[in-house]
Amino acid sequence: MKYIGRVPRVRVLIRPKEGILDPQGKAVARALPALGFPAVDNVHVGRLVELDVEDVSQVEAMCERLLANTLIEDYEVALVSPDGEHQSQTAGPDAPRR
Amino acid sequence: MKYIGRVPRVRVLIRPKEGILDPQGKAVARALPALGFPAVDNVHVGRLVELDVEDVSQVEAMCERLLANTLIEDYEVALVSPDGEHQSQTAGPDAPRR
Amino acid sequence: MSRSDAVALGLTEDEYDGIVQIIGRQPNAVELSMFSLMWSEHCSYKHSKKLLRTLPVEGPRLVLGPGENAGAVDIGEGWSVAFKVESHNHPSAVEPFQGAATGVGGILRDVFAIGARPIAVLDSLRFGEPTSERSRYLLEHAVAGIGHYGNSIGVANVGGEVYFEAPYEQNCLVNAMAIGLVRTEELIKSAAAGVGNQLVLFGAATGRDGIGGASVLASAELGDADASKRPTVQIGDPFEEKKLLECSLELLQRGLLVALQDLGAAGLTSSSSEMASKGEVGLEIDVRKVPLREADMEPFEIMVSESQERMLCVCTPERVAEVLAVCERWEVGGTVIGSITDTRHMHIFDDGVLVGDIPVEALVDDVPLYDLEPAAPDAPLYPAPVATISADQAGDPRSALIALLRSPNIASRKPLFEQYDCLVGSRTVRRPEQADAAVLLMPTGSAIAISIDGNGRRVASDPYRGAVEAVLECAANLACAGGEPLGLTNCLNFGNPEKPHIAWQLTEAIRGLGDACRALDVPVVGGNVSLYNEGGGGPIYPTPVVGMVGELPDPLHAGRTGFAREDDAIAVVGPFTPRLAGSELAKLRGDALPTQLPEIDVAAVRAAHEAIRGAVRAGRLSSAHDIAEGGLLTAVAESALLGGMGAVLELGESDVDALERLFGEGTGGFVVSGAPDALRALGEHVALDVIGTVGGDALDVTVAGESFVLRLDDARNAHAALGELFA
Amino acid sequence: MKFGVLQFPGSCDERDAQLACARVPGAEAVLLWHGDRDLQDVDAIVVPGGFSYGDYLRVGAIARFSPVMESVIAFANDGGLVLGICNGFQVLCEAHLLPGALLPNTELRFTCRQVDLEVIQHDTPFTNLCATGDILSIPAKHQTGRYVAPDLPLSQVVLRYVSGNNFNGSQDDIAGVRNAAGNVFGLMPHPEHAVDPLTGSVDGLRIFESMAARVPV
Ligand SMILES: Nc1ncnc2c1ncn2[C@@H]1O[C@H](COP(=O)(O)OP(=O)(O)O)[C@@H](O)[C@H]1O
Ligand SMILES: [Mg+2]
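Protein chains in written order, with the working numbering: chain E, 1 to 98; chain S, 99 to 196; chain X, 197 to 923; chain D, 924 to 1140.
Mixed in with the good hints there might be a few duds.
[As the list claims (entries may be wrong)] Output of the computed footprint for chain E on chain X, the stretches with three or more beta carbons under 8 Å from beta carbons of chain E:
(1) 289-298
(2) 393-404
(3) 431-437
Bear in mind the hints are in silico, worked out from the structure with no lab data behind them.
For glycine and all other residues, C-beta sits at the position ideal for the given N, C-alpha and C.
Isolated chain E (complex conformation):
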């Protein structure tokens, strides 16, 4: 890993599960064309959690227990460098590919 001696920064993306109603995504999808952005599709709104954590292997457990509501949300965990680039990533057990 790149950041030996530094605490890794982790990014968690949390989205409504496929098939679950996403009222926010629906509202944004309706609004964008009216603002002059017609060619938009498949809009979804989710949450972003970023944190510094020593033991990255714990993040999945954090997601399962607190950060995501796995009944209705999928999550995806990525390690980020300080300039925001991805280093690696893992996804929740049954994250769909959208």
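Got chain E sorted already, so can you dock chains S, X and D with the ligands onto it with the hints?
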């Protein structure tokens, strides 16, 4: 670009600007140690917007006009492939590096 | 589809055989999924219908009784008030925020489905003890979900109740009651009529939400591997419902509809077949016309989906364009999905291909009704509550009072109800904690009083008398605000009725409910039944939740709970015989539940209600509060805290034990305050005992020669204990 | 005096605002549909409370782009009086008619509570019937009312929460602000819910009456 003939999928990460109180981040930071995850720091909670858009160059304008409120939020735009990997990214005019 | 498919869907083998006999062949997947839902307890009331028929459903002010989406009572000048309570227990146990939110959404749709504008919501909640992490989680999220939906849609949440008892640990209860306002002549029914008329589905698109039991079909048909086809949690979208509400009311106001019906449990299946059954007609539906959120849904999935925020209406063919235009103005999707026929069959098509054909009667009316086999238990059904205070604490009146004020069943509900908008609509004359019932201004210039009640522990102790008490407590709350009951709704939350002891609880409770309603001359306008509330830990306390709407002619004279004037006299009023058995104090010290509650003289209690109501309406009382959990002293403390004024109490000699006098519970008692003359006048109509004076900043209590003082600040700290659960 | 009250999909308090306006002697109030650009010759605009467009994405973000808001922006730039209440305040901030933004309450919870507000400026079109230092008792009810405005000039602060009443965590206890010109005003508490002694206090009525006092009849 990789997806000639396919509509690109774009991911927008929206975060509270530095210096703006982030009570959601704080609440997560407070809850995690109680759940047995003590070594967590610098937690922030933001929004994730994902959409398919033909003309990716429009996304910055969408962010400025609707998706983010640049008085209080920074945003970052990334192109994603269908398996969730980053292809490239741009950040809002004055996104800080955290 | 075979017997085993039917059993997997929750039907019995006999029921399956009955279906085969009625339709003369084996049902296919679409038909069996429709039967399994319509013949479920939830839709058919097969274990409770015979008992419910014993409830009184007539009254001079009744406008709409049980059977429609909500009941309604007349409040004069051409206006009616519609109301109903409903449970959303299981979805809330799975996902408390969305479960509670969609519970509110569902009961609101019931109210605007009859053409009434929803004006208020109340909620009735039961959780395990807050010492359990899971109970705290359920509480926090259920309250947030109720607030989210009601606040966002702009319907005031004006009251409710919450109890914490161990038997609800595995099975929380989330009941919501909605109140609506409607011009009586504009009430609309749900009976489909007019062969050739069109069936329009409007509102949200249909997804795989809440495909509960029928998920078995999904896995059978689609293969277990296809995880994305699994049924999903219903997500509430109050914004969509707000538009749906305004759209529905505008459609009605323009006179465009023949019938209107909401989509609730069992989605399109139950809404359409019930409309057809009531109108004695047939229906054709083409599922491919239903707008879908996910393109690849099977016909049976479309028929049973419980996606929220959808309505179904019938209009004449000439009106379709206008109906769709109104939908468009409100940005609500609207689509013709079928029409009315004279076949008295449900014909389900998939893009023109017939995929289901069921006689309406078979689906809706031929469901077998079961007789219960009640048997009184000969051993206690529930373990004694775990003691949370010592015998010494319970024996000392001052520390017992503090413990009671702190008790989760008595502490101030402010941390909950502050999360609800109680004001929107500009009708709220009495907000939570201002009076024992919420009071709302009506367009006639008069007002209504509303309350919801039901102490499960008392019903567990004595199902008949406990249910009578629930009705009386609700009416007592109304009386304290000055309201006279017009109608009652109820939600019967019980365990598995196929078990004799649960059947006994249910039978006895419904008998109590009926007797109490008859004794008060209050008709039951509707309600809801939620059975099989049992987790690993055994059945819940039997919990009939009672909601009542009453009227009061002059909102200026709505009653108040809190003391309001220094030097007022304080009195105990009514035929009150306090008993510690089954009380909150008994629970705190870990006493087992009694096997019986004291006999109730309902006529005397009714007379007390009338006396209190008369005095409140005449503006002669400064405060009125019924004595409930925690007994007399708790009631006095609550009036003191809510009014911000102390009291000096002097209880003389009595042969009743001091603890029983101070903290014993029972029905028929009130604490009132007012000018000494006014109390004397009240005492001519009802038993009344002056016990003290309002004033100071403490509760200064002398009972049987012993005195103690509790400063209001200390009482207030104890009473704020629920705040810790939301920290 | 003719008030216009905007109505968006998801507005909740628009009828309450209409009723409140109508309590001002000689005033009438009409609803203005979000999709119409015509302001019907009103003398003042009220952007009411509620959850326009479900408050999805970000409070007020979608409503500010509705057709009626184009007219309201022009009306405001012409010096017309515009009052934003709760969600209306959020919409006006998003539309840049008022400085700042509203963020989730520090407790992250919806809270409905009667609050005390101190009048900081009485010489505005919205508070001219108050005296500086007056305390108004008005209910507040929202989940996203933490006002943040990094460079707000003090001169634009019109109302503050009295100490102990700022449950949302607003910067410097700011409860109500105006624009630099003074003709646009927004606040999180709901003056339209404080206009009738039967349902609460009447302190909110002074805001509507102040507006009428400024508009030549
Ligand atoms: N779950 C709830 N939701 C909304 N309001 C509630 C809830 N629980 C209690 N309240 C309100 O709090 C106040 C006090 O409640 P409670 O002590 O249970 O009253 P009571 O003893 O008369 O039944 C009432 O105004 C009631 O309507
Ligand atoms: Mg009561």
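Evaluated hints:
{"no.": "1", "hint": "289-298", "result": "holds (count 3)"}
{"no.": "2", "hint": "393-404", "result": "holds (count 3)"}
{"no.": "3", "hint": "431-437", "result": "holds (count 4)"}
The structure shown violates none of the earlier numbered hints.
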